[in-house]
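Asks: Chains as they are written, first to last, in the numbering used here: chain A, 1 to 237; chain B, 1001 to 1103.
It should be emphasised that the hints constitute simulated quantities derived from the structure, not laboratory data. All values derive from a computational prediction rather than experimental measurement. Don't take every hint at face value.
Sample of chain A residues facing chain B (criterion: CB under 7 Å; computed from the structure) [said to hold, decoys possible]:
#, residue
1, Ser-7
2, Phe-141
3, Pro-153
4, Gly-157
5, Gly-168
6, Leu-169
7, Ala-180
8, Thr-190
9, Leu-192
Beta carbons: idealized from backbone N, C-alpha and C, even for Gly.
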Amino acid sequence: MKQLLSSPAVRMGLSVSIATGLYGISFGALAVAAGLNRWQVQALSALMFTGGSQFAFVGTLSGGGMSALVAASLLGIRNAVYGAQLNGLLTPRGPLRLLMAHLTIDESFATTMAAGTAREQRRGFWTAGVGVWLLWNLFTFIGAWAGDSMSDPKIWGLDGAAVAAFLGLLWPRLRSRDAAALAIVCALVTVLAVPFTPPGIPLLVAAVVALLMHAVGRPSAADRSAGQSSGVGGSPE
Amino acid sequence: MSLWGWILAGCAVAFATKLTGYLLPSRWLESDGFRKTSSALTIALLSALVATNAFASGQTLAVDSRALALAAAAVALWRRLPFLAVVIIGATVAALGRLAGLP
């Protein structure tokens, strides 16, 4: 145990778990404010288990179930990229792959990539994956309970909390100028599309614009931020 | 489909996406093109979510207390405050804006 706690990857995994788990409070409260009951909120944290997609799901729910599903699913695509890299690195076999897939998120990927040796990578993955899952669900529960006891979420500024949460998720991905430019263009396009399209559609318009910019443009936003997008840095370009 | 239906569908797609990474030949998903596309999509969607949550009320645009929350959150992030503090600041500023009579 002592030996395990002296492992840098385990320590990093634990601190990442606490930091990430804590903001499960904001997810729980926002999800209840968006109209989900506490079981539904908990189901998202336990089963969807990918923070950005969960926030997107409840943030777009007012536009209908389909727009929530599409927004959450598109945001989850990066997890496939993480999965492929983790699979190459940790080479899991059989049913273990299912469990590892479920625990594949920004934080477990970043912790694994930050570790030096194969053994440390494994420790980092499992500490961050299991740790975030446990604390994320615990704090989701607390947040949903807190949100449930607020009569009018607007008085408490919960809609302001949602804005701050999305900006907080976006911020670490804006390290390059191109990434920032892409973000600004997409925000503008979204705002312009709001009056002319049903809720949920402006997001898809932004996604299409990003793909076009990416396909047409000179080395676009993602080029320089791709390797850093999970906050790890140093992954091969 | 009921709300439960959409939730479970969303969970199924999320898991399937993650599992894809472990099952498909890695050269597809680890190709530069796919990585960059997925990174650009992530930035685009998060940015669009910031914009709609800050300025949209259904199909109308509005500048209200949420815009103050956005500005305050940006300052908090620029000052490198942790995520949870940023969220609390966003909520507090929006609540204060309403208390001061802004929509």
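Asks: If a hint holds in the structure, say so; if it does not, say that too.
Replies: Hint by hint, here is what the structure shows:
no.	hint	verdict
1	Ser-7	violated, 24 Å
2	Phe-141	violated, 16 Å
3	Pro-153	violated, 9 Å
4	Gly-157	holds, 3 Å
5	Gly-168	holds, 5 Å
6	Leu-169	holds, 5 Å
7	Ala-180	violated, 9 Å
8	Thr-190	holds, 4 Å
9	Leu-192	violated, 9 Å
Checked against the numbered hints given earlier, the structure breaks hints 1, 2, 3, 7, 9 and satisfies all the rest.
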